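Protein chains: 2
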Amino acid sequence: MAFPEPLERLVRRLERLPGIGPRSAERIALHVLKMPREEVAELALALRDARMETRRCEVCGNVTLRSPCAICADETRDRGILCVVEGPREVASMEASGAFRGLYHVLLGGDAPREGGAPEPQALERLRRRVLEDGVREVVLATAPDREGEGAAALVRETLEGTGVRLTRLARGVPVGVRLEYLQGAVLAEAFEGRRDVES
Amino acid sequence: MAFPEPLERLVRRLERLPGIGPRSAERIALHVLKMPREEVAELALALRDARMETRRCEVCGNVTLRSPCAICADETRDRGILCVVEGPREVASMEASGAFRGLYHVLLGGDAPREGGAPEPQALERLRRRVLEDGVREVVLATAPDREGEGAAALVRETLEGTGVRLTRLARGVPVGVRLEYLQGAVLAEAFEGRRDVES
Numbered sequence: 000m001a002f003p004e005p006l007e008r009l010v011r012r013l014e015r016l017p018g019i020g021p022r023s024a025e026r027i028a029l030h031v032l033k034m035p036r037e038e039v040a041e042l043a044l045a046l047r048d049a050r051m052e053t054r055r056c057e058v059c060g061n062v063t064l065r066s067p068c069a070i071c072a073d074e075t076r077d078r079g080i081l082c083v084v085e086g087p088r089e090v091a092s093m094e095a096s097g098a099f100r101g102l103y104h105v106l107l108g109g110d111a112p113r114e115g116g117a118p119e120p121q122a123l124e125r126l127r128r129r130v131l132e133d134g135v136r137e138v139v140l141a142t143a144p145d146r147e148g149e150g151a152a153a154l155v156r157e158t159l160e161g162t163g164v165r166l167t168r169l170a171r172g173v174p175v176g177v178r179l180e181y182l183q184g185a186v187l188a189e190a191f192e193g194r195r196d197v198e199s
Numbered sequence: 000m001a002f003p004e005p006l007e008r009l010v011r012r013l014e015r016l017p018g019i020g021p022r023s024a025e026r027i028a029l030h031v032l033k034m035p036r037e038e039v040a041e042l043a044l045a046l047r048d049a050r051m052e053t054r055r056c057e058v059c060g061n062v063t064l065r066s067p068c069a070i071c072a073d074e075t076r077d078r079g080i081l082c083v084v085e086g087p088r089e090v091a092s093m094e095a096s097g098a099f100r101g102l103y104h105v106l107l108g109g110d111a112p113r114e115g116g117a118p119e120p121q122a123l124e125r126l127r128r129r130v131l132e133d134g135v136r137e138v139v140l141a142t143a144p145d146r147e148g149e150g151a152a153a154l155v156r157e158t159l160e161g162t163g164v165r166l167t168r169l170a171r172g173v174p175v176g177v178r179l180e181y182l183q184g185a186v187l188a189e190a191f192e193g194r195r196d197v198e199s
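Chains as they are written, first to last, in numbering that gives the first Met the number 0: chain A, 0 to 199; chain B, 0 to 199.
Next comes chain A alone, as it looks inside the complex (with noise of 0.2 Å):
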């Protein structure tokens, strides 16, 4: 005997989900079957809303309600700079800092490379043909300092090959509020590589 059908259907789907094995597919929907019903109807819910009512930007391919998203059709955002990142969260992170005014551009709608995903092939191909017929005059690339962020943005300076745009990328350096012991070595070594004179 294993579990009830309906319990042992729960388990098998959320098996599928990313990070979810097993024994964590079991001990959610055990959890399930505790939760007031309307949690269970909300969450339930908030899976098919989520799904339904959002989709890509065709311009920036972030997630969005309304396709051209709400910072594409932004016009008091600098149309002529790009920033390049891989997926919504960092889009969502960037916009959080206030330090962006320009406009986005993502590679992956969901899974960050690091999760498996690569650039989404179209995602470059727009890109390519946003450089070229929208006057943009700075791409920024903003990738993840790892190895897929690498090779993502590695395919990035690839389809701009011979566009002449200008190509920058994120200072890497040490981060503010961040103990320097804390730090791997590579920052460090990133950190020195990049020091610049202090203004006296």
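Hints listed in this document are in silico derivations from the structure and should not be mistaken for laboratory results.
What you are looking at is a predicted structure, and each value in this text was computed from that prediction instead of being measured.
Possibly wrong hints are sitting among the right ones.
Identical copies look the same in the list; a pair holds intra-copy or inter-copy alike.
Only pairs whose alpha carbons sit at most 20 Å apart, straight line, appear in this in silico SDA-like list of lysine to any residue [claimed, not checked]: (1) Lys33 to Glu7; (2) Lys33 to Arg11; (3) Lys33 to Glu4; (4) Lys33 to Ile80; (5) Lys33 to Arg22; (6) Lys33 to Ala1; (7) Lys33 to Arg54; (8) Lys33 to Ala153; (9) Lys33 to Ala185; (10) Lys33 to Ala91; (11) Lys33 to Gly18; (12) Lys33 to Pro120; (13) Lys33 to Leu44; (14) Lys33 to Glu160; (15) Lys33 to Pro67; (16) Lys33 to Ala117; (17) Lys33 to Ser66; (18) Lys33 to Arg65; (19) Lys33 to Val58.
Since the structure of chain A is already known, use the hints to place chain B on it.
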């Protein structure tokens, strides 16, 4: 800007599930956006069905479609021996082993103790009543050999005080099919302590 509202709402709902932190909730939510619509609908349905169609057996406390459950209703099983387990998973494992033909008593409906649960007081009360009223000869403690399981076992022993029922527990020792070098010292210590004469 964070994510669009339906996506943000899904992340918040997922975060409430056991073992899912903010990062994995985001990762799962972004994955959902890329799933075929039918699969999302089926996951949502599986959640509802598991919650709405299953219930607790009023006799043993296991998860079931109908109460009493198929095991408690099975007249061919030995009704004089109760195996006390922590949760529905353990019942499923015991049944898969085919080693036990008595009835069960489940201490927790969902979360196992090591996930923050503790035996339900009403489950302990029902156990005492079963022992006193249903002609039970023996109660086998099959809680996990860890701190939480031992805690649950202690509560069961307390609950059954004065009933005169025979209380046993599963044998401890070297698990079949595992090489000794991979076992913790405590396992070997218990195996030595419980060593038996080899019949010659």
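Earlier hints that do not hold, by number: 4, 8, 9 and 14
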